[in-house]
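Novice: Next come the chains, spelled out residue by residue.
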Amino acid sequence: MKPFCFVASSLVSALAVTSVTLPAFAQDGPAPQPAGEPASPAPNQPPSGDAPAPAPSPPEASPAPEPSPSVAPPSAEPSPGLTFLASRRVEADARNDESAEPPDDGKLGYHQDHFLGFIGARVGKISSPGLDPFSDSDELAQFSVGFGSTVMTAGNFSVAGLFLYDVGGHSGEARGEESDLVVHRLTLGGEGRYHFFRQLFVFGRVAPGAIHSIAKLEDHSAGSVTLAARDWVFATDLSAGASFELTGFAKGASKRRPSVWLTFDGGYGFAGESELSLSADGNAGPERAEPVDMGTLALGGPFLRFSAVLTY
Amino acid sequence: MKRIAFSLVGFVALACGGRPEAWDKPFEPDAAIGLQTSVAVLDPALDRVVMLESPSHLGLRTTVLPVGKDIVTAVPSPKRDRLLVLSKGDQPRLKAEDEAPRLSVIDTRPSPAVTQTYTLDDPFAGLVLDPEGRWAIVYAGEGIVQNPNEIILVDLENPADEVHVKSIRSFGGRPVGFTFTSELTISGQEPRRVLVVQTEQDLTLIDLADLDAPEITVHTPTTEQGRPSRPKQVVFHDGVDGTDPVLAVSFWDNAGVFLLDLVAGTSSALFPQVNFIDVGGPPTAIEFVETDAGLRLAALVPTVQQAALVDTRTTVVDLVPMPAAFTGLARVTDSIEARTGQGDVALLWSAAVGRVGLWHLDTAIDAPYASIETFVIAVGVERVLDVPGPEQGACPDPADCFAEYKIVAGTGPQDFYLLDLNRKEASLMVNNGANLSLSLSPDGERLWAFAQDGTEFAQVAFSNLHPSTLSVQAPIRGVFDIGRPNMASENGDAARSAVVLHAGEGLAATVFDALEPDEAVTRFYGGLAYGGLAK
Numbered sequence: 001m002k003p004f005c006f007v008a009s010s011l012v013s014a015l016a017v018t019s020v021t022l023p024a025f026a027q028d029g030p031a032p033q034p035a036g037e038p039a040s041p042a043p044n045q046p047p048s049g050d051a052p053a054p055a056p057s058p059p060e061a062s063p064a065p066e067p068s069p070s071v072a073p074p075s076a077e078p079s080p081g082l083t084f085l086a087s088r089r090v091e092a093d094a095r096n097d098e099s100a101e102p103p104d105d106g107k108l109g110y111h112q113d114h115f116l117g118f119i120g121a122r123v124g125k126i127s128s129p130g131l132d133p134f135s136d137s138d139e140l141a142q143f144s145v146g147f148g149s150t151v152m153t154a155g156n157f158s159v160a161g162l163f164l165y166d167v168g169g170h171s172g173e174a175r176g177e178e179s180d181l182v183v184h185r186l187t188l189g190g191e192g193r194y195h196f197f198r199q200l201f202v203f204g205r206v207a208p209g210a211i212h213s214i215a216k217l218e219d220h221s222a223g224s225v226t227l228a229a230r231d232w233v234f235a236t237d238l239s240a241g242a243s244f245e246l247t248g249f250a251k252g253a254s255k256r257r258p259s260v261w262l263t264f265d266g267g268y269g270f271a272g273e274s275e276l277s278l279s280a281d282g283n284a285g286p287e288r289a290e291p292v293d294m295g296t297l298a299l300g301g302p303f304l305r306f307s308a309v310l311t312y
Numbered sequence: 313m314k315r316i317a318f319s320l321v322g323f324v325a326l327a328c329g330g331r332p333e334a335w336d337k338p339f340e341p342d343a344a345i346g347l348q349t350s351v352a353v354l355d356p357a358l359d360r361v362v363m364l365e366s367p368s369h370l371g372l373r374t375t376v377l378p379v380g381k382d383i384v385t386a387v388p389s390p391k392r393d394r395l396l397v398l399s400k401g402d403q404p405r406l407k408a409e410d411e412a413p414r415l416s417v418i419d420t421r422p423s424p425a426v427t428q429t430y431t432l433d434d435p436f437a438g439l440v441l442d443p444e445g446r447w448a449i450v451y452a453g454e455g456i457v458q459n460p461n462e463i464i465l466v467d468l469e470n471p472a473d474e475v476h477v478k479s480i481r482s483f484g485g486r487p488v489g490f491t492f493t494s495e496l497t498i499s500g501q502e503p504r505r506v507l508v509v510q511t512e513q514d515l516t517l518i519d520l521a522d523l524d525a526p527e528i529t530v531h532t533p534t535t536e537q538g539r540p541s542r543p544k545q546v547v548f549h550d551g552v553d554g555t556d557p558v559l560a561v562s563f564w565d566n567a568g569v570f571l572l573d574l575v576a577g578t579s580s581a582l583f584p585q586v587n588f589i590d591v592g593g594p595p596t597a598i599e600f601v602e603t604d605a606g607l608r609l610a611a612l613v614p615t616v617q618q619a620a621l622v623d624t625r626t627t628v629v630d631l632v633p634m635p636a637a638f639t640g641l642a643r644v645t646d647s648i649e650a651r652t653g654q655g656d657v658a659l660l661w662s663a664a665v666g667r668v669g670l671w672h673l674d675t676a677i678d679a680p681y682a683s684i685e686t687f688v689i690a691v692g693v694e695r696v697l698d699v700p701g702p703e704q705g706a707c708p709d710p711a712d713c714f715a716e717y718k719i720v721a722g723t724g725p726q727d728f729y730l731l732d733l734n735r736k737e738a739s740l741m742v743n744n745g746a747n748l749s750l751s752l753s754p755d756g757e758r759l760w761a762f763a764q765d766g767t768e769f770a771q772v773a774f775s776n777l778h779p780s781t782l783s784v785q786a787p788i789r790g791v792f793d794i795g796r797p798n799m800a801s802e803n804g805d806a807a808r809s810a811v812v813l814h815a816g817e818g819l820a821a822t823v824f825d826a827l828e829p830d831e832a833v834t835r836f837y838g839g840l841a842y843g844g845l846a847k
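Going down the list, the protein sequences come from chains A and B.
Our numbering applies: residue 1 is where the first sequence begins, and numbers increase by one.
Our numbering applies: residue 313 is where the second sequence begins, and numbers increase by one.
It is worth saying that the hints were derived from the structure and are not from the lab.
Nothing here was measured: the structure is a model prediction, and the numbers come from that model.
Among the hints, erroneous ones may be present.
Some chain B residues judged to face chain A by a derived CB distance under 10 Å, without partners named [what the hints assert, rightly or not]:
1. Trp335
2. Lys337
3. Val384
4. Ala605
5. Ile689
6. Cys707
7. Glu768
8. Gln785
We put the beta carbon where it would ideally sit given N, CA and C, even for glycine.
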């Protein structure tokens, strides 16, 4: 299996697992209910002696429930996700009988407004013939790293600024001669987000920047000489994705604390063409050597990235 | 979520692309052939020919031409303006789309291109070209069932014509040599050319003016051991003073030669009248020459250190003692400016003797002893190279013509001589012990000498016989003197480049100005094997 196929299949597998896990997680506790209809007594509501709690009336016969004072006051129209999480909070508190946690304010808080850093992997499909001397497949796998911060919030919407750096490449053979390609991609991203609930948001990202490519070829026609072509080109990534918070469920308050997220995004990376005009470095190689023209390399194409994000 | 997963699977399927297989096939050095305006480098791994041209001073342009799969051989035309490439195609050919064996014709002007392709039914291994450039012969089939006597005749001047398949009569032999005659004038017939096919035991004459006419088979004489004699050399002459054209054939294992007078037959335009003449021993070389007594067939017989001059009309033989056991004979009459008589002049040489001779045939009959003058040189002569003259399209300016020079190359890694036939001087060119390869410029003005895998080579300009030693920074595979593609004169004399192909793993070349070579004024081109792949 080609590396890309392997990586990409892994990605798909991971997503498939996620797609199964999310509903399963949602079914761990009782079904989500309206925030004012807790499944168990509110933790700060003293139990009424040993008397058993009155049996709940049938839903259709019960009066309109009063909001529990211990539950964060809902917004005018609480989202189902927030309602669900609030109920989870109530249940967890009841189960653990812990009263150390501050009251949940119901806000997105640090789940939305935070600093972040991430590491991950990016795979892209490069259909440019310029990649052929360096790779026997069309994928380009890169290691990704970045950091950023939320710069603006408005309800469930927010905007983050990011710096992203992807580095990766290929080693191969071109007609028996060793070849090597390293690609550095540096971009500044603007990310618009929408939070469905604290632990899940989707985003769209625009990340203009630049690509620095270093293409090398061992030439044994006149001794052993390394030919290289280095070039900078403009690049822009357009992508969309989702982030899911892996930690912090037990502490629903919006207090700032470290948290780990898993992020997937995919899109299209636009990139200019770089000239693969390879020549020997310095004084190496024969005198007055003409560059070896390997055509042009366009590193644009669709891509996927998954990353682990640490927020604070 | 499932939709997302399926979309990603689709993305994966799209992403799993590959690259052309050509990138996975290393360049394998194969034949490099110098043409008038380009160097053709076979790239059999990719079933193509890489054509290198020099369109400007020190410039190099690459053109790749796909030819058939599994290249067998490539042969340049005599004028070196085209290249014929024979390929086997897909073998075995299991599907309709599998490529059939074919013959590809590459023309170099105005720019290199495959101008004609001939599809063949079966794979062949042999390719021979007519010295006049009209005919190509494909032979030596390689199928599981072979007819070794089948030859394919391709008329290159009439590409629309079908190829002609001839199956010569077989008596146990198979074609081993082909001789195209020039136009021969047979009494009562239109001038026609004849193809002589040699097998191990007979000769077949094919009338090229009428390919449907039955071919004529002539059995060779038997040896003392009772076997058929093996033909060695075929020469021809159109006849003089109204005489019939004549062919002569020598044999490896027979002291006689065949003389075949070509006359009109009763049912064919061509019929050979065969005479067998004993010349005193197996001749090593034969040639028709003009002597002071008329046309003769000269045959060198080194075993008895003499030559035989055979009268083609009477078959009378005059024996001429030789001062040495010469084995090689070449008529050089046209290379000598001031001839005293009307006869030919022949150059004589031997691989075993360090002497060359000039045989003045205008006195060969009357004063045979005085007809030969010799030069002592220090090497046995393996071969003699002709400097191209006007007949080869060289020297458009007669003042720059050096056809009087013959390059006498020694046996083994030794020195070589430039023999000036006008001055009757032999100029020694001493090498430094390297096993030199020699190549002549097509314009006839220079000689290039180089050692395979060495880094030094030399140019010898015939104008002053000054050798210029040059060096390159990578091992040498070959040196080729080529003209500009847009050359002003027919042979590219306006400006020329010397392309030094290198012997490394890839394909690289250093380009010199061929007229004024200077190792400080060069340009190196690497990565030529990527031509046509990088886009």
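Novice: Now tell me, hint by hint, if it's right for this structure.
Specialist: Status of each hint after checking the structure:
no.: 1; hint: Trp335; in the structure: 5 Å, holds
no.: 2; hint: Lys337; in the structure: 6 Å, holds
no.: 3; hint: Val384; in the structure: 22 Å, violated
no.: 4; hint: Ala605; in the structure: 60 Å, violated
no.: 5; hint: Ile689; in the structure: 37 Å, violated
no.: 6; hint: Cys707; in the structure: 32 Å, violated
no.: 7; hint: Glu768; in the structure: 15 Å, violated
no.: 8; hint: Gln785; in the structure: 4 Å, holds
Checked against the numbered hints given earlier, this structure breaks hints 3, 4, 5, 6 and 7; the rest are met.
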